[in-house]
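Build out the structure end to end from the sequences listed, making use of the hints.
Chains as they are written, first to last, in the numbering used here: chain A, 4 to 109; chain B, 225 to 396.
Hints were generated in silico from the structure; no laboratory data involved. As the structure is a prediction and not an experimental result, all values here were calculated from the model. Heads up, the beta-carbon is just placed ideally off N, CA and C, and yes, glycines get one too. Among these hints, one or two may not hold up.
Stated by the list, open to error - DSS-like mimics (lysine-lysine), calculated; alpha carbons at most 25 Å apart, straight line:
(1) A:Lys24 with B:Lys290
(2) B:Lys288 with A:Lys24
(3) A:Lys24 with B:Lys338
Said to hold, decoys possible - Derived coverage of chain A by chain B (criterion: at least 3 residues anywhere in the stretch with Cβ under 8 Å from a Cβ of chain B; other residues may be distant):
(4) 6 to 16
(5) 62 to 71
Claimed, not checked - Footprint (simulated), chain A over chain B, 3 or more residues, beta carbon under 8 Å:
(6) 326 to 333
(7) 345 to 351
Each chain is listed here by its residues.
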Amino acid sequence: MARALINVPAKAKRGEIVTIKTLISHVMESGFRHTSTGIRIPRDIIDNFVCTFNGEEIFRATLYPAIAANPFITFNTVATASGTFTFQWTGDNQFFQTETASIVVE
Amino acid sequence: MSETKKLIVANRRQVLAAAGAIAGGVSLPAIATQPARAQVQANPAQLAIAIRKVVGSAEVKVGKVKLDAPPLSENGNSVTMTVTVDSPMTPTNYVKAIHVFSEKNPQPNIISVKLGPRAGQPTIQTRIRLADSQDVVAIAELSDGTFWQDTGNVIITLGACLEDLLDGARTD
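As structure tokens, then:
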């Protein structure tokens with residue numbers, strides 16, 4: 004299980020734009036590097052990130068090897084109601100991880 | 225100073241000298257310091273192909289998008305980049321997607337994100353890898369089917385994909 008850090012404000016006013024920051028530990032091996040003996044290191048990246056709010060998809064990113072190790076992604080959403088954000092990362096070698104964060108909207 | 229350290233320092237000097245040459249307006253013959261081992265090929269032509277794949281036959285206009293990347297970065301392994309699009313984000317007028325491309329990485333795509341009107345403010349931030357000093361292109365697709373772009377140039381003093389060379393130096 005990779006370590007993931009998620010920053011979602013605990014509380015927000017209705018209609019307010021909130022910023023969500025996500026970070027997950029992953030090598031993001033590009034597949035373009037070689038060892039000192041000249042052997043190519045196979046690609047191992049997270050290639051998909053999806054954020055849903057109460058089941059509705061609000062953000063989706065396709066990542067390529069040009070994303071730095073430990074992918075850090077920041078995006079915004081409008082706080083419409085209290086609920087749960089679900090974050091899902093998928094990648095090479097059956098990488099799959101889900102995290103959740105909740106928000107209270109007043 | 226150990227042999228390894230000397231090597232690294234020497235590399236850094238060469239790279240800095242190269243950066244200085246660029247700043248001085250001297251055209252540099254295709255990054256002479258780049259070793260043959262690091263098979264990183266510049267691909268400005270692939271950039272155009274990758275952009276075409278995304279935008280189709282649509283015209284890409286300049287404006288509305290703002291790509292914020294540092295003009296000079298010491299290390300290409302992690303360059304913080306922000307893309308902001310000027311859009312009211314209403315249900316009828318919003319940003320559908322943001323795509324970021326690189327000019328000289330081994331693969332032109334960097335990231336593609338899908339947004340909707342409920343994003344509120346179309347801004348994304350992430351950390352990217354750059355193999356070399358190059359242009360980074362951000363393209364936004366709006367709900368009315370138009371595409372807008374912004375280009376930013378980042379000078380890298382130590383590119384991503386070069387660390388395997390340093391690893392090699394350590395074992396030699």
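Q: List, from low to high, the hint numbers that the structure doesn't satisfy.
A: Number 4 only.
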